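Participant: Residue strings, one per chain:
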Amino acid sequence: MNATGIKFGLGLYTALFIVFLYGPLAVLAILSFQTGPEGGPQFPIIEWSTYWYKHLFGLTPPSRIAPLPIEQALVRSLTLAVMTMIVSTVLGVTAAQAFRKKFRGSGVVFYLIVLGMMVPGVLVGLGMALVANTLGIDRHWWGTAFVLHVVYTFPFAFLVMLAIFNRFDPSVEEAAWSLGVTPGRTFRKITFPLIFPGVLSAMLFAFTLSYDEFSRTLFASGRDLTLPLAIYGTFSVEVHPNVFAFGVLTTLFSFALLGTYAVLMGLSVRRAKRFAIQEEA
Amino acid sequence: MIFDLELNNVGKVYDNGTPAVIDFNLSVAKGEFIAFLGPSGCGKTTTLRMIAGFESISSGDMLIRGERMNDVPPQRRPTSMIFQNYALFPHMTVHRNVGYGLEVKGMPRAEREAKVDRILATLGLEDIAGRKPDKLSGGQRQRIALARGLVVEPDILLLDEPLGALDANLRKAIQNELKLLQKSLGITFVFVTHAQSEALALSDRIVVMNQGRIEQVSPPHQLYTRPNTPFVAQFIGRNTVLSGEVAGNEGDDVVVTTGIGTLAGRANGALSGKSRVSLVVPAEAIEVHAAGRREALGHARNLVDARIERSEVVGHIAHLTARLEDGRAVALEAHVDKYRPGDFPAGSQVFLSWNPAEATVIPA
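Which chain is which? The protein sequence lines are A and B, in order. The first sequence finishes on residue 281 if you use the working numbering, and the numbering steps up by one all the way, no holes. The second sequence finishes on residue 645 if you use the working numbering, and the numbering steps up by one all the way, no holes.
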């Protein structure tokens with residue numbers, strides 16, 4: 001095969017990849033603009049409209065289709081994601097810091113941590129439910145489910161930070177110590193600013209993984225549903241394009257999150273630059 | 282007398298049982314410039330890191346100005362360290378990098394600024410004080426690291442291959458600056474290097490290390506001309522090392538029977554009755570004579586047959602390679618005035634000779 005052929009082949013492969021990646025999303029997005037309330041979740045589009053978006057926010061006249069029962073679930077999921085993000089990132093950073101030096105049993109501990117993202121979610125969720133029952137603990141999204149979310153996302157944060165520390169030059173810390181800076185202050189003022197982009201990545205991982213976690217939450221969250229569970233619950237009745245409209249909004253939210261991440265990354269660079277100017281003044 | 286730095290029987294054994302430094306003894310006076318010289322893995326950097334406090338000391342004692350430092354954490358030792366990769370704080374400006382050590386000590390701002398400005402001026406860094414280190418050249422970063430280490434006024438400045446990452450010209454320039462700076466400040470410097478030219482040019486005394494042990498501690502010239510051990514003889518300068526047995530003494534000279542004849546040199550200290558010895562002949566001490574001049578040289582000692590194998594002139598230096606009868610190659614060089622091009626073409630039969638006072642006899 002000649003160079004043009006290879007180029008064409010790779011191009012085709014990439015195109016197919018993108019179709020499979022974004023195809024389902026695009027279909028959802030298109031169908032979310034179906035007319036309502038009579039239009040269903042299938043092609044063809046009878047008429048383009050934003051009916052289902054209005055329906056989400058209760059801006060349409062009452063009809064036989066009930067609004068999505070997601071308001072509280074959304075608040076719960078966001079709260080849970082933030083809680084998980086904070087705890088997992090702190091654990092991830094401190095655990096990775098501990099792993100910078102070999103300690104006795106570090107190999108075993110490493111696999112124990114990573115196990116949290118390997119074990120099947122349904123099993124862990126079910127197990128947690130059984131344990132809670134046995135011990136007489138009430139299941140709540142902010143309790144049992146939260147613990148499972150941390151167990152699940154902490155390894156991701158940990159691995160991200162491990163990779164960051166792997167490229168971190170420890171002589172910078174030694175230089176600080178030799179200037180008389182205490183280890184605690186060295187971590188806060190020297191190490192942390194340098195690993196901050198990695199910390200942001202760990203936070204992003206923990207947040208998004210927790211936000212759309214389903215299988216672990218299913219058994220462990222008790223009576224009050226998180227967002228993925230609430231949406232799944234509506235499927236059992238009848239699917240209307242309002243779910244798609246919500247899906248589009250959620251995706252936009254994720255993009256916004258990524259955007260925030262990019263801005264924060266940029267800021268962490270710029271803030272350093274501003275320091276430079278302050279010093280000069 | 283209280284020394285700035287004392288290492289008494291200091292040893293380092295790694296967790297896996299490998300000894301890195303064995304029985305290290307050294308006393309350093311205030312204001313001395315000491316170089317640790319040796320091949321990679323000889324323990325020189327480990328010793329430096331033990332002095333800084335980054336590595337624990339397995340055995341023995343380390344004292345700074347008479348105070349035992351073994352268990353003092355690095356931030357409370359009166360040392361500061363300069364790293365090969367400079368280890369500047371990338372998120373701080375040059376000015377803040379240099380002032381950070383004073384900042385954490387709680388020095389008032391005005392006093393601190395004045396101090397930082399002074400050292401930046403001394404090292405020619407005023408113009409880049411507001412810049413970030415990652416935008417600067419290797420030489421500039423090297424100076425920043427020096428300024429940062431010196432501004433906190435350590436008793437001892439530790440330097441770990443500080444010139445290793447610079448190109449040859451810059452290295453030469455900073456080498457000179459370093460020497461001048463050290464002399465004017467009067468601070469004790471301990472400098473780790475694997476480049477003998479750096480050690481020979483900079484230091485008051487050189488500690489040659491090999492496989493975790495000290496081989497020799499001497500001022501540069503003495504180290505160069507009078508090696509104590511076969512390792513130093515091979516490592517420093519360009520010496521021909523001939524092994525043999527002591528045959529006797531002739532005045533100040535020790536006569537040694539070797540595979541290529543009976544030769545003479547000066548004993549370096551007592552040979553303590555050892556009969557197996559090495560005769561160390563520096564390349565600079567060896568003279569080349571045409572075969573026909575043997576008569577003219579009379580019965581001088583230290584005449585060795587050889588054949589010229591290679592002869593070339595690079596600029597003003599003549600480089601000769603001679604092959605001895607036992608197959609050993611000896612490299613020589615001298616100013617081109619001494620050996621003019623064509624004097625000793627490849628293949629010509631020659632004699633090599635040297636003054637016994639310039640050769641050293643050491644225990645094998």
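Hints in this document: simulated from the structure, not taken from any laboratory. Keep in mind that the hints are not guaranteed to be accurate.
Said to hold, decoys possible - Cβ pair distances, simulated, as ranges: (1) A:Tyr111 / B:His502: 57 to 63 Å; (2) A:Gly266 / B:Asp342: 33 to 39 Å; (3) A:Phe192 / B:Ala615: 56 to 62 Å; (4) B:Ser339 / A:Met265: 40 to 46 Å; (5) A:Phe192 / B:Asp398: 54 to 60 Å; (6) B:Asp448 / A:Tyr261: 49 to 55 Å; (7) A:Met117 / B:Asp436: 35 to 41 Å; (8) B:Asp398 / A:Leu252: 51 to 57 Å; (9) A:Gly105 / B:Tyr295: 16 to 22 Å; (10) A:Val108 / B:Gly445: 36 to 42 Å; (11) A:Thr260 / B:Leu451: 55 to 61 Å; (12) A:Thr182 / B:Asn450: 49 to 55 Å.
Unchecked claim - Using 27 Å as the maximum straight-line C-alpha spacing, the simulated DSSO-like pairs for lysine-lysine come out as follows: (13) A:Lys189 / B:Lys311; (14) B:Lys413 / B:Lys311; (15) A:Lys54 / B:Lys416; (16) A:Lys102 / B:Lys413; (17) B:Lys386 / A:Lys189.
The structure displayed is predicted, hence computed values, not measured ones. Backbone N, C-alpha and C define an ideal beta-carbon position, used for all residues, glycine too.
Participant: Tell me, in ascending order, the numbers of any earlier hints that this structure violates.
Facilitator: Those not satisfied are hints 2, 5, 6, 7, 11, 12, 13, 14, 15, 16.
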